[in-house]
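K.L.:
Sequence:
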Amino acid sequence: MTPSIELKHISKRFGNFYANQDISLTVERGTIHAIVGENGAGKSTLMKILYGLYEPTSGEIYINGTRAKITSPTDAIRLGIGMVHQHFMLVPGLTVAENIILGDEPTWRGLIDFTQVHRELKALSEKFGLAISPDALIDTLSVGEEQRVEILKVLYRKADILILDEPTAVLTPIETEQLFQTLKSLAASGKTILIITHKLDEVLGISTRVSVMRQGKLVTTLDTKDTTKEELARAMVGREVLLSVPKPPCQEKEVVLSVRNLCYTNARGIKMLDHLSFDIKAGEIYGIAGVEGNGQSELLKALWGMQDERDVLSGEIKFGNINLLGKSPREIAALGISHIPEDRLRYAVIKDYSISDNLIFGRHREPTFAARIGFKWNELAQYALDMLTRFDVRTAVQNGAKSNIVSEKISTLSGGNQQKIVSARELERPKLKLLILAQPTRGIDIGAVEFIHRKIIETRDKGMAILLISAELDEVISLSDRIGCLYRGTIRKEFSKEEVLKGRTQLKAFEKEIGVFIT
Numbered sequence: 001m002t003p004s005i006e007l008k009h010i011s012k013r014f015g016n017f018y019a020n021q022d023i024s025l026t027v028e029r030g031t032i033h034a035i036v037g038e039n040g041a042g043k044s045t046l047m048k049i050l051y052g053l054y055e056p057t058s059g060e061i062y063i064n065g066t067r068a069k070i071t072s073p074t075d076a077i078r079l080g081i082g083m084v085h086q087h088f089m090l091v092p093g094l095t096v097a098e099n100i101i102l103g104d105e106p107t108w109r110g111l112i113d114f115t116q117v118h119r120e121l122k123a124l125s126e127k128f129g130l131a132i133s134p135d136a137l138i139d140t141l142s143v144g145e146e147q148r149v150e151i152l153k154v155l156y157r158k159a160d161i162l163i164l165d166e167p168t169a170v171l172t173p174i175e176t177e178q179l180f181q182t183l184k185s186l187a188a189s190g191k192t193i194l195i196i197t198h199k200l201d202e203v204l205g206i207s208t209r210v211s212v213m214r215q216g217k218l219v220t221t222l223d224t225k226d227t228t229k230e231e232l233a234r235a236m237v238g239r240e241v242l243l244s245v246p247k248p249p250c251q252e253k254e255v256v257l258s259v260r261n262l263c264y265t266n267a268r269g270i271k272m273l274d275h276l277s278f279d280i281k282a283g284e285i286y287g288i289a290g291v292e293g294n295g296q297s298e299l300l301k302a303l304w305g306m307q308d309e310r311d312v313l314s315g316e317i318k319f320g321n322i323n324l325l326g327k328s329p330r331e332i333a334a335l336g337i338s339h340i341p342e343d344r345l346r347y348a349v350i351k352d353y354s355i356s357d358n359l360i361f362g363r364h365r366e367p368t369f370a371a372r373i374g375f376k377w378n379e380l381a382q383y384a385l386d387m388l389t390r391f392d393v394r395t396a397v398q399n400g401a402k403s404n405i406v407s408e409k410i411s412t413l414s415g416g417n418q419q420k421i422v423s424a425r426e427l428e429r430p431k432l433k434l435l436i437l438a439q440p441t442r443g444i445d446i447g448a449v450e451f452i453h454r455k456i457i458e459t460r461d462k463g464m465a466i467l468l469i470s471a472e473l474d475e476v477i478s479l480s481d482r483i484g485c486l487y488r489g490t491i492r493k494e495f496s497k498e499e500v501l502k503g504r505t506q507l508k509a510f511e512k513e514i515g516v517f518i519t
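Counting in this note's numbering, the final residue of the sequence shown is number 519, and the numbers go up one at a time with none missing.
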């Protein structure tokens with residue numbers, strides 16, 4: 001059978017930096033082919049070449065046995081290739097339906113036929129378990145709902161080759177399972193699926209074959225049934241990787257944060273938090289487990305003073321003797337509170353600013369960096385280089401002149417490396433007392449996850465109070481000292497330190513027990 005995709009000696013160079021180097025890859029029709037590798041390994045770049053967002057510096061692409069010249073997404077779509085991007089490609093001011101049909105609008109008597117669009121979207125939503133209102137504005141949706149729109153957009157265009165870049169990063173376990181069932185049925189019908197993911201359990205569970213990339217090169221391609229999670233991790237990183245980081249028992253002290261009867265009603269009149277109460281002590285990690293959409297985003301907004309002025313909040317959020325409700329993010333940060341938000345592109349980085357600028361947000365007035373006019377550029381560059389080294393951030397300018405690191409935009413980094421920048425900035429802030437972590441390892445490769453987990457535990461062991469909110473249940477169980485199960489805006493069950501410790505030795509049973517309280 002003619003392969004669906006053949007990449008022959010593909011290279012992509014940015015200046016003197018090779019993002020992809022001499023990659024040859026064959027993908028058979030009717031298979032699910034996973035691409036794995038560390039952040040910055042070149043996975044997304046390779047897929048963007050296939051989708052026409054980049055042109056290769058050299059090499060050839062064959063689709064269904066015919067050489068293809070793909071210079072734009074229009075060429076790719078014409079060839080039956082669709083891509084779901086890691087970072088959403090949506091227009092906030094438009095509706096779901098308008099985003100999905102943008103550039104491919106069906107008309108009737110000279111007008112857009114929204115009746116037909118709604119009918120098709122309803123059928124797709126029901127078939128693939130991706131419920132969404134076609135009339136909803138994008139800027140009113142949660143991160144998970146935005147991801148559903150991206151997936152629906154590709155399915156709407158009836159692509160024969162689907163490229164999915166971290167498609168489950170913001171999906172619930174149920175949504176993930178539904179998506180995978182859909183992908184399996186699509187592959188069985190002859191469609192070709194390429195999936196980039198950092199979740200090796202998903203690779204082993206869904207893919208037919210898996211290719212490993214490292215530092216821009218293709219290391220190996222394996223039949224998934226013949227490999228293991230440990231083997232894939234070793235091939236990705238080039239060393240043995242601890243899939244679970246050792247964590248000594250916590251030495252908790254005084255209560256640092258006390259949330260009491262917190263209620264949050266959003267601008268649409270929907271109650272998202274309902275008399276939510278919990279405490280976090282110095283020297284412990286309090287994890288919140290739950291399916292996204294049960295109030296996690298609203299809790300983060302309340303803790304960080306980011307709620308809309310039309311939202312209604314009541315109750316208390318006590319940091320020591322200070323009520324945080326009504327305070328601005330700057331006032332909250334000044335108290336010794338740091339925050340890694342769930343959506344880095346919306347809340348944590350500015351893509352048009354440099355790597356070094358992004359590393360010192362909130363610290364730019366400190367004497368270490370601030371000069372009478374502007375910044376102390378040498379000190380800023382040296383600090384940035386030190387942080388890149390300590391947090392293993394992969395960038396083309398890391399080994400270049402200091403001036404490059406000051407001017408290089410953070411948008412040149414992969415998504416995972418941008419997340420490392422955010423983690424470095426927030427974990428290393430001086431005089432911290434409380435650290436709020438929301439999806440801290442979303443989009444990060446397995447080697448970086450190990451590193452970030454170690455840093456989080458080290459921070460806890462220094463006496464920090466840490467709130468961890470994560471959609472990854474194994475991450476919550478692995479890192480947390482106590483766990484609260486969030487469902488419809490309230491804690492339905494709280495697991496004690498002793499229960500969590502016992503649960504780690506019977507992980508699957510503990511996951512099922514937690515699942516009872518979050519679904």
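Treat the hints with caution; some may be incorrect.
Stated by the list, open to error - Calculated lysine-lysine pairs in the BS3-like style (CA-CA distance at most 30 Å, straight line):
| # | residue 1 | residue 2 |
| --- | --- | --- |
| 1 | K199 | K376 |
| 2 | K318 | K409 |
| 3 | K433 | K493 |
| 4 | K253 | K191 |
| 5 | K253 | K199 |
| 6 | K512 | K271 |
| 7 | K247 | K431 |
| 8 | K8 | K253 |
| 9 | K217 | K229 |
| 10 | K508 | K184 |
| 11 | K122 | K271 |
| 12 | K433 | K455 |
| 13 | K229 | K247 |
| 14 | K376 | K247 |
| 15 | K376 | K409 |
| 16 | K127 | K199 |
| 17 | K225 | K253 |
| 18 | K455 | K493 |
| 19 | K508 | K225 |
| 20 | K217 | K455 |
| 21 | K301 | K431 |
| 22 | K225 | K512 |
| 23 | K301 | K376 |
| 24 | K508 | K199 |
| 25 | K217 | K253 |
| 26 | K122 | K158 |
What the hints contain is simulated information worked out from the structure, not anything from laboratory work.
K.L.:
Below or equal to 30 Å on CA atoms is what counts here, so check K122 against K271.
P.N.:
holds (27 Å)
K.L.:
Given the hinted pair K217 and K253, is their Cα-Cα distance within 30 Å?
P.N.:
violated (48 Å)
K.L.:
Is it true that the CA of K253 sits at most 30 Å from the CA of K199?
P.N.:
violated (35 Å)
K.L.:
Keeping to a limit of 30 Å between CA atoms, is the pair of K455 and K493 held or broken?
P.N.:
Given pair K455, K493 holds - Cα atoms ~28 Å apart, limit 30 Å.
K.L.:
K301 and K376: Cα distance at most 30 Å?
P.N.:
Given that 30 Å is the threshold and the Cα spacing comes to 33 Å, the pair is violated.
K.L.:
Tell me if the straight-line CA distance from K217 to K455 falls inside 30 Å.
P.N.:
Given pair K217, K455 holds - Cα atoms ~29 Å apart, limit 30 Å.
K.L.:
Check the hint pairing K225 with K253 against an upper bound of 30 Å on the C-alpha distance.
P.N.:
violated (48 Å)
K.L.:
Hinted pair, alpha-carbon criterion (30 Å max): K508, K199. Please report holds or violated.
P.N.:
Distance ~17 Å between K508 and K199 Cα, so the pair holds.
K.L.:
Quick one, are K253 and K191 close enough, alpha carbons at most 30 Å?
P.N.:
violated (56 Å)
K.L.:
Would the hint linking K376 and K247 be met if the CA-CA limit is 30 Å?
P.N.:
violated (39 Å)
K.L.:
Against the 30 Å threshold, does the CA-CA distance of K229 and K247 hold or violate the hint?
P.N.:
Holds - the C-alpha atoms of K247 and K229 are around 21 Å apart, at most 30 Å.
K.L.:
Can you confirm whether the C-alpha distance between K512 and K271 stays at or below 30 Å?
P.N.:
Holds. K512 to K271 sits at ~27 Å (cutoff 30 Å).
When each numbered hint is compared with the structure, violations occur for hints 1, 2, 4, 5, 8, 14, 17, 23, 25.
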